[in-house]
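Trainee: Protein chains in written order, with our numbering: chain A, 8 to 360; chain B, 8 to 360; chain C, 8 to 360; chain D, 8 to 360.
Any given hint could be a false lead.
Where chains are identical, the list cannot tell them apart; a pair therefore holds if satisfied intra-copy or between any two copies.
[Stated by the list, open to error] As a list, the in silico DSS-like pairs of lysine-lysine whose alpha-carbon atoms are at most 30 angstroms apart:
no., residue 1, residue 2
1, Lys282, Lys38
2, Lys133, Lys201
3, Lys120, Lys154
4, Lys219, Lys58
5, Lys282, Lys58
6, Lys120, Lys282
Hints are computed from structural coordinates only; laboratory data are not their basis. These figures come from a predicted structure and were not determined experimentally.
There are 4 protein chains.
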Amino acid sequence: MKVKVGIIGAGGYGGCGAIEILSRHPYAEIKCLVDIQDTGRLISEIYPHLKGFCDLPIISPDDPVLENTDLDIVFFATPDGVGQSEAKRWLKRGVRIIDYSGDFRFNDPETYKSYAERIGKKEPHKSPELLKKAVYGLPELHREKIKKASIVGNPGCFAISCILGLAPAVKYKLIEFESIICDSKTGVSGAGKKPSPNFHYPARYDSMNAYKVAAHQHVFEIEKELSRLANKELKITFTPHVVPMCRGILSTIYANLKEGFTLDDVFDAYREFYKNERFIRLFEPGTLLQTAYVRGSNFCNICMEFDKRTRKLIILTAIDNLVKGQAGNAVQNMNIMFGIDEDAGLLFSGNYP
Amino acid sequence: MKVKVGIIGAGGYGGCGAIEILSRHPYAEIKCLVDIQDTGRLISEIYPHLKGFCDLPIISPDDPVLENTDLDIVFFATPDGVGQSEAKRWLKRGVRIIDYSGDFRFNDPETYKSYAERIGKKEPHKSPELLKKAVYGLPELHREKIKKASIVGNPGCFAISCILGLAPAVKYKLIEFESIICDSKTGVSGAGKKPSPNFHYPARYDSMNAYKVAAHQHVFEIEKELSRLANKELKITFTPHVVPMCRGILSTIYANLKEGFTLDDVFDAYREFYKNERFIRLFEPGTLLQTAYVRGSNFCNICMEFDKRTRKLIILTAIDNLVKGQAGNAVQNMNIMFGIDEDAGLLFSGNYP
Amino acid sequence: MKVKVGIIGAGGYGGCGAIEILSRHPYAEIKCLVDIQDTGRLISEIYPHLKGFCDLPIISPDDPVLENTDLDIVFFATPDGVGQSEAKRWLKRGVRIIDYSGDFRFNDPETYKSYAERIGKKEPHKSPELLKKAVYGLPELHREKIKKASIVGNPGCFAISCILGLAPAVKYKLIEFESIICDSKTGVSGAGKKPSPNFHYPARYDSMNAYKVAAHQHVFEIEKELSRLANKELKITFTPHVVPMCRGILSTIYANLKEGFTLDDVFDAYREFYKNERFIRLFEPGTLLQTAYVRGSNFCNICMEFDKRTRKLIILTAIDNLVKGQAGNAVQNMNIMFGIDEDAGLLFSGNYP
Amino acid sequence: MKVKVGIIGAGGYGGCGAIEILSRHPYAEIKCLVDIQDTGRLISEIYPHLKGFCDLPIISPDDPVLENTDLDIVFFATPDGVGQSEAKRWLKRGVRIIDYSGDFRFNDPETYKSYAERIGKKEPHKSPELLKKAVYGLPELHREKIKKASIVGNPGCFAISCILGLAPAVKYKLIEFESIICDSKTGVSGAGKKPSPNFHYPARYDSMNAYKVAAHQHVFEIEKELSRLANKELKITFTPHVVPMCRGILSTIYANLKEGFTLDDVFDAYREFYKNERFIRLFEPGTLLQTAYVRGSNFCNICMEFDKRTRKLIILTAIDNLVKGQAGNAVQNMNIMFGIDEDAGLLFSGNYP
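Please put together the full structure from these sequences, using the hints given.
Mentor: Here you go:
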């Protein structure tokens, strides 16, 4: 018996990533692909690498066939605002939901509002009553709730890299909470498929920059999750950067190590915290933690260092923003929701170089 | 029952590629990894993306354990010269061989000599008596012979892209043989893992060049295979280029279309010739045949155009030089040799973007 | 006394390139920058690297101040169609013109029409009477005419790389004319500043492809110039490719060397033909002709090889598509038109790496 | 009258950068190029882009001609250890020195020792008596001393980007000194010309990582200069990263803004501090400070933001690591030493894109 999946927003990078994984997934089957662009064309015309793997047509969200498609789950691989408008329609049919956007990452309308303002959305949430049901889709922190969730809000890519890097240190209170700084660097694919002057090839070649400094929306979900772990409200500093590569997020996280703790203590805490996690790989201090080693895979690689001159703990995390940072993590959530092996369809190492 | 595989030269890109594929192969098992460098270290220390997928140690070719390892096949993912020295030792034990280098791509010492001169080797072949047994490992042309082969010479990456692009046109005599020009462009990974001034990152960034113009060794295997198909000795012009990307070969192949034939005729011929081939994908004229669409996969994408002003047929082929151009094609050969589904372990689409 | 220059289309890459050069030119002065976008903003806000070098505002083509600006020459760094509509207005005022587009590269409306069809323009030329006056702006071939020209049609970037590579061989009849194939590879900046799905960073990263195969518009100016040199109508095969780098065109040109000639003869012919050319650099056979060595400079580097097995002459040329292929060549034309040292403002080597 | 310059270590990237600038410098002349590799070859054979700009031969440091070459200054574009061994020989002849390495960046042997340990050098400084004479070659901080210096220690590239970003904030005591974190990202050219596995093109493509975390040697010169400005000993946290591009350093600098100050105060302070600096360009908060806008130029672009939620001041600086970070800054020092216009030979904007 296979999980029957529909993908809404199939034509974007997030949809494509889900198709890549699900088309080789042993216990899932893609039943329909939905988008508002390119309707009527085969997905393998849009993404020729899928030819022979998934040759379904893209249908419109209004297509009547959709009502009669038997589905267990839909992936909303759509921009902010779509999931919150469409979710009820699916829930009513008993179809569960994983949403890639910020629509279901928060449990209360107020935090959602702070988030939404940072992406230029002024309207209130369209389904505030669903927020309480929504589960934050980070398996390493919320596995039990995800199992039973009808709506999972798949986390932001930066948020995943920062939360996984900080969770044990915060939980075990190894660091001074007010000192946390997350300096994150992403490849350009994080900006999505839509062309823009800033992500035009020549404009981006041999260039890097910080952006949305002190203004990026992912900070709220990082703070929410860390505050929960700390049992105390935290504020962090978060700066995203874009560098000229395609895939990968490297987060360099700084915090003052509390007196009395050593780097070994920290490493032990992380080992303990992540001991049963299939997709977390810890590396010893001194490792060159390269993003290439998670490219195309669902892993989060983590290592840490200590600057004894300044008592700074420096935590490094690497993920593929489109896999563990998006589609891979979503499939991991799906596996949990349907009682499948958590790593089903996700056991690929990526290619090197 | 799984095919028991040993990989010699495991530490290079070609070895790594084989490990990536074989570690998820349903009917194969890696039993040992051999190299002259990094012996004693785990392969997953050298290539951390393999952590959890293959954590075998690298052993020396002299390691006594090798003699007692039960193997069905060894991959020589080694430079020219190694396979020809070591092959007999393995054949004697009944172990079959796939060699990545030029050591077993030719059936006679003379052609081998022309080849060897171009890579600066002056000594004669060390196992000339084995050349007759060796089968050229291009499944699309030699499937039947590969089945029974004890030694398969895995083709050169450029050769694969050119031969697959030309085979139907030559076989069906659609083009003027003396007019063939292959202009090939490769990513830098084709140069292997060893650092050199010419492939140092800053030296290669934002730069491209032709190299070994009129002097590249792959021309001989291209000519040999095409001559066989043509029943006539052919000479071609072949120019390799290196462009600043990691993976991918794009070959732009020119030949005069014979009077009386149209582009439709050519397309029909290719469709017929490749109708049962799992790893050949034909695309209609007008397609933008991008190498990204074969990156990480074992496919060869092909399309063709016709310049009616000059009667030139222009054939475009795209492969991933490290997959269909090397390790993927080798595993495809292995599958054939052991009667396994030809696409076992090879059904991955690659990631996009 | 400085040449007073206006730049129309200042906001594109071609305008920017002209500003970079002219702002350090000892005998020229930029008097106004015109564009239909970003009017009112400083050019150094659009291109911050120009801050302190050129801080002029962008004005609209309708700005009345334009009529009263004293100018000697305008650069039309504009798309096809603009120059032919606007040229008369400027010529009437005695202002000379260099146009970057195809508007003035042809002397007769028929050839222009073939060209225009390939870029999707169906209307006839808007100033056909000006075509006769227009001079093809390749200094190495038309220096004397450029001196006195009122309108110069700056050549296409691919065309420059192919014509300079072939001119001596064609002029001295060293090659068989019907055998010419130009396989050109360009960096992405050749596609201009406007974002599009095909030149979106992630879509272009680690990918290459041929495009407009047997359908690119530059073929007509290449053929026109070569036919003039040959005293005979030539047809050539031309295939452009785009590779993931920013700047640079490498053209690999194939032709059958006529019986009786040697590679030395060819090299001598090129040395003779280009002996007084400041911006042509010949390199000995065997040179790795890398595009990095012309990046940021106005040079065309050329070398050649001979494949004696197939009697193919293989000529390699490298230019920076935005300098010798566009703005640098335009300034070189300007220098000639105003009797300035031809290399004034153009003596920069580029940076390496 | 031109300054007569010798370049020792001419074959590396730092030597090449100096040649690029000095070969177009109006008041300087390169008299000799020295290196231990490639002696006897023309520099323009090693770096073909220099052909026609500088065609001097490379001579050995032992070449007797060196003794008789009339020189005003030598650039030691050499690794650590060379300058300290050779300096006296030149000083004795009255030749002034600019050294690129860490050999003369410190005025006391102890700080030098801390520095040297981090680059694996255990021997004491070979000319400790010269350390007192050496001037730290950051013109924006030490212009008056540089004028009269016989030995200038050209700063580390990271150090320049961090010191220029912090100097006004530290001098005017706007920030809490113990809270400073410098997170720097560099292109690969910073690693120099020598090939290594870690900077091999395929290994570096589409990958980034931090390195020498809590262990990089540049931290000492940053602390020394900031401590001097603060009149108090400072310790900072510094993390370098390498990203897959060629040129450019982006430093993201974090510090707690002291109570009572606003972002406007900070901006005013920077404007005041740098008001006469030709090579510092300040940008308003909200600017996307891209490294492409300093590529190939001698500028340091700076902007700053404030995170009011955490009271963090975030300062961003961008330089070209090989120009303002190395050869350009060295020439700026030379201009100051010889009373030439400080921007002579350095007024180039770089090319975009």
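Trainee: Could you work out which earlier hints the structure fails to respect and list their numbers in ascending sequence?
Mentor: 6
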